[in-house]
Amino acid sequence: MKRFKMLLISFLALALMAGCGSSGGNTVAKDQAAGNTDGNQAASQPKEENKDQVTIKYYTWYNGSQFEDIQKIVTNFEKENPDIHVEPIQLVDNANSTDFYKKLDIMSAADDPIDVIQFSHVDFIIERAARGVLAPIDDYLKNNNIDPTNDFYVNPVYQGKVYGLQDMASPWVVIINKQALDEANLPIPEWGWTWDDFRDYAKRLNKGEGADKQFGAYFHTWGEYVGFPAYSEKPHPYLSQDQQPIFDDESYKQFFELRRAMEKDDKSVKPFSEIVGAKLHYASEFFSGKAAMVPTATFIVGMIKDQEKYPHDFQTVFAPLPRSSESVEIGSSYIGGDYLSVGASSKHKEEAYKFIEYVAMQTDVIRDFPGYKKADAGKVIQSLVGSDAALIEEESLKATVFDSRAKTVYDANWTTDYAGQMKKVIEDGFSAYMLDNLTFEAAQKQMMDDANKIISQARN
Amino acid sequence: MAMASTKTDVDKGRRIFWTNSRRESLVGFLFVVPEITGILLFGVFSLFFSLYLSFTEWNLVGGFDAIHWVGLDNYKAILSDAKFLKALKNNLLYSVILVPVSMLLGLILAAVINSRVYLKELFKVVFFIPYIATTVAVATVFSILFHPTQGAINNILMTLGMSEPPGWLGSTNYALWAIIIIAVWQVLGYNMIIYLAGLTNIPDELYEAAEIDGAGTLQKFFKITVPLLGPTTFFLSITGIVSSFKVFDLIAFLTSGGPNNATNVLVYYLYEEGFQNFRMGYASALSMVLFMIIAIISIITSRMQKNEF
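Chains as they are written, first to last, in the UniProt record's numbering: chain A, 1 to 460; chain B, 1 to 309.
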């Protein structure tokens, strides 16, 4: 019995040691494996590569065809710059940019070197620039004679420094079902139409009853749909220049009331409670013919062309985002987009910059409208529409996006690192307004209180 | 000769130190070492680290340098935080409805299945499946059933004559109730199985004796079954309350705490603060408050248990 116990003890002790030892061994093995893959990658490179070649890592949330486009751009870039190897990395497998930012933040907290990062909104860049995660690129821009304010639609500027380039611009537009528009005998809306015109259009595009009803318009749950006038006509949709919330502004009141009137009086939009409760999606509502008109950004073009995912047989026409009143200058628009930034922890900042400049300026692979203003409009439209002219009304798209009056009044200098949280404030406020049937004043009080709380937290 | 004697001395000394009981406890200790290491590392250390963090302000992204001591500020802020109070209120409502209702229904089901029912085994499985199904699948199915206009639930309500059925997940008034309904359905099977196990432990003699004394079915149920299931009820209420304060997956998948925080609960709020707004210190303070709440409720319940039985 004693011997048995001794055996057991020594066995356990051994097992413990072996346990620790083997994990150590595994790491070595893993390292070797990693080394091997590196070696393999190097081997698959063209022969002319030498030891000076640097590898930069490019983090994105794109997958599927969007990721393939990136790989095409990277191949083109590497052809021109044989001494730089770009490794695009899909950080998330669900194409969800919110999850992407979470992972990215954890990576940057762990001090992993990050060379190039993709962003979906200026606010996200500013938030991270304030934390010191990103590197300013002013010097490189100057060396390459690029004047961002003139050459790009939107620039991520924080404390006077530029933190990235807009490689794609996604201007917000209104997409309309051409078939429905023709049936209602309405002309294609033009620059300068107002939200009151929009309401009128929606009323006249209403058709049918019950489950098959075609609603005149559709508003999604995102913050943009709660205050379009603030997004397209204010330098910052949530904040004033001295960083006070502007939810007491008349434009919010006007738009909240418009939405309630369209839902309750005109019945020209699907009830908000149904959109929230059934988790509806703007694209499926539009392409299934349940909504004739949807304000959205030009990233919708890719979805129009995706017949497999969104099969539909009508043509889509484009109109600019309406303005809040006749007195607002024509052309003021809201331009979203896609940005590339250089990480502060990158060991090859110059090469990383070279890459983002290339991506922003190139027109060989067109994914959305370029953020670079001097890009060739004809070529862009041509490759965007391609063979899908039956689905996309080309003239209205061109007139909407490439109008010389189009400009953005958004000023990134006004944003702060907590602006991202403000979007949830207006989304919550609007939910309360519509679902709890609050007066605008009550909803506004809630939004102002929430916003002030976030601001005071951020300041102490 | 001298060498031999030293050797025996050593042997002797060793023999004295390694007494049988010591040997045995050493074996015991070695057996628990892996487990204890795990608990120390992932349980106790995390507990104290988050206790420490709750007195600090820390943006997770800034690394360890970004930890600043702020004393009791986080706790003071919690007391005046309207969102926290709303989450607490929602959570209390959720627990107060979910735990008793699911236990009562579980007990009734168990009693029925335990008595005279055909296909006993089949019903056991049928009621237990929701508990083992993944929450994401359950949530997906229910989000279709709860669809405000085309969902089965509202269609039934409308055929029954309700002109304006609730908007469920899209309504600030009913979203939490929709979540509670799903949760009851989900834990019902578990409660039923545990009660069934408790029921089989009640000796038949008691029922027979009661029958001889002329007790009816209801009397037997309330005078024998319910009291003798006391320990089971206690176990289920404790685990039920604790898990009801930890509800997260259903909320995260179905409503993300919305609309307008109508379904925000403590753990989801904690997650929002810690991992979306990156306020780790505040989130840690919230977790400490949550810990206190669960501890207090558990102590009260166990006191009640002792007094009653």
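Hints may contain errors.
What the hints assert, rightly or not - Just a few of them, taken from the derived set where beta-carbon distance is under 8 Å, the chain A residues facing chain B:
#1 Lys213
#2 Glu274
#3 Val276
#4 Gly277
#5 Lys379
#6 Gly386
#7 Ser431
What the hints assert, rightly or not - Calculated Cβ distances over 10 Å to all of chain A for the following chain B residues:
#8 Leu60
#9 Leu169
#10 Thr217
#11 Val267
#12 Ser298
Unchecked claim - FRET-style restraints, in silico, Cβ to Cβ:
#13 A:Glu209 - B:Gln219: 35 to 43 Å
#14 B:Ile144 - A:Gly208: 38 to 46 Å
#15 B:Asp65 - A:Pro82: 34 to 42 Å
#16 A:Gly132 - B:Trp185: 45 to 53 Å
#17 B:Val136 - A:Gly132: 45 to 53 Å
#18 B:His68 - A:Phe440: 37 to 45 Å
Read the hints as simulated data drawn from the structure, not as lab findings.
Beta carbons are placed, not taken as given, at the ideal position from N, Cα and C, and that holds for glycine.
Verification of the supplied hints:
1. Among the interface hints, the one on Lys213 of chain A is violated; its C-beta lies about 10 Å from the nearest C-beta in chain B, farther than the 8 Å criterion.
2. A cut of 8 Å between beta carbons decides the hint on Glu274 of chain A: the least distance to chain B is about 5 Å, and the hint holds.
3. Interface restraint check: Val276 of chain A against chain B, minimum CB-CB distance 4 Å, threshold 8 Å, status holds.
4. Residue-level restraint check for Gly277 of chain A holds (minimum Cβ-Cβ distance to chain B is 3 Å; threshold 8 Å).
5. Hint status for Lys379 of chain A: violated, given a least beta-carbon distance of 40 Å to chain B, over 8 Å.
6. Hint on Gly386 of chain A is violated. Least Cβ distance to chain B is approximately 36 Å, over the 8 Å limit.
7. Taking 8 Å as the C-beta cut-off, the interface hint given for Ser431 of chain A holds, the closest approach to chain B being about 4 Å.
8. Distance check on Leu60 of chain B: its Cβ comes as close as 6 Å (rounded) to a Cβ of chain A, failing to clear the 10 Å threshold; non-interface status is violated.
9. Once the 10 Å rule is applied to beta carbons, Leu169 of chain B is inconsistent with being away from chain A; the minimum gap is 4 Å.
10. No beta-carbon of chain A comes within 10 Å of the beta-carbon of Thr217 of chain B; the shortest separation is about 43 Å.
11. Once the 10 Å rule is applied to beta carbons, Val267 of chain B is consistent with being away from chain A; the minimum gap is 17 Å.
12. No Cβ of chain A comes within 10 Å of the Cβ of Ser298 of chain B; the nearest lies about 32 Å off, and the non-interface call holds.
13. In this structure the supplied range 35 to 43 Å is violated for Glu209 of chain A paired with Gln219 of chain B, their Cβ-Cβ distance being about 58 Å.
14. Range check, Ile144 of chain B to Gly208 of chain A: Cβ separation about 23 Å, and the 38 to 46 Å hint is violated.
15. With their beta carbons about 40 Å apart, Asp65 of chain B and Pro82 of chain A fall inside the hinted range of 34 to 42 Å.
16. Judged by the Cβ atoms, the range 45 to 53 Å given for Gly132 of chain A and Trp185 of chain B holds: they are separated by roughly 49 Å.
17. Between Val136 of chain B and Gly132 of chain A the CB atoms are about 37 Å apart, so this pair departs from the stated range of 45 to 53 Å.
18. As the Cβ distance of His68 of chain B to Phe440 of chain A is approximately 39 Å, the hint placing it in 37 to 45 Å holds.
Hints 1, 5, 6, 8, 9, 13, 14 and 17, counting from the list given before, are not met by this structure.
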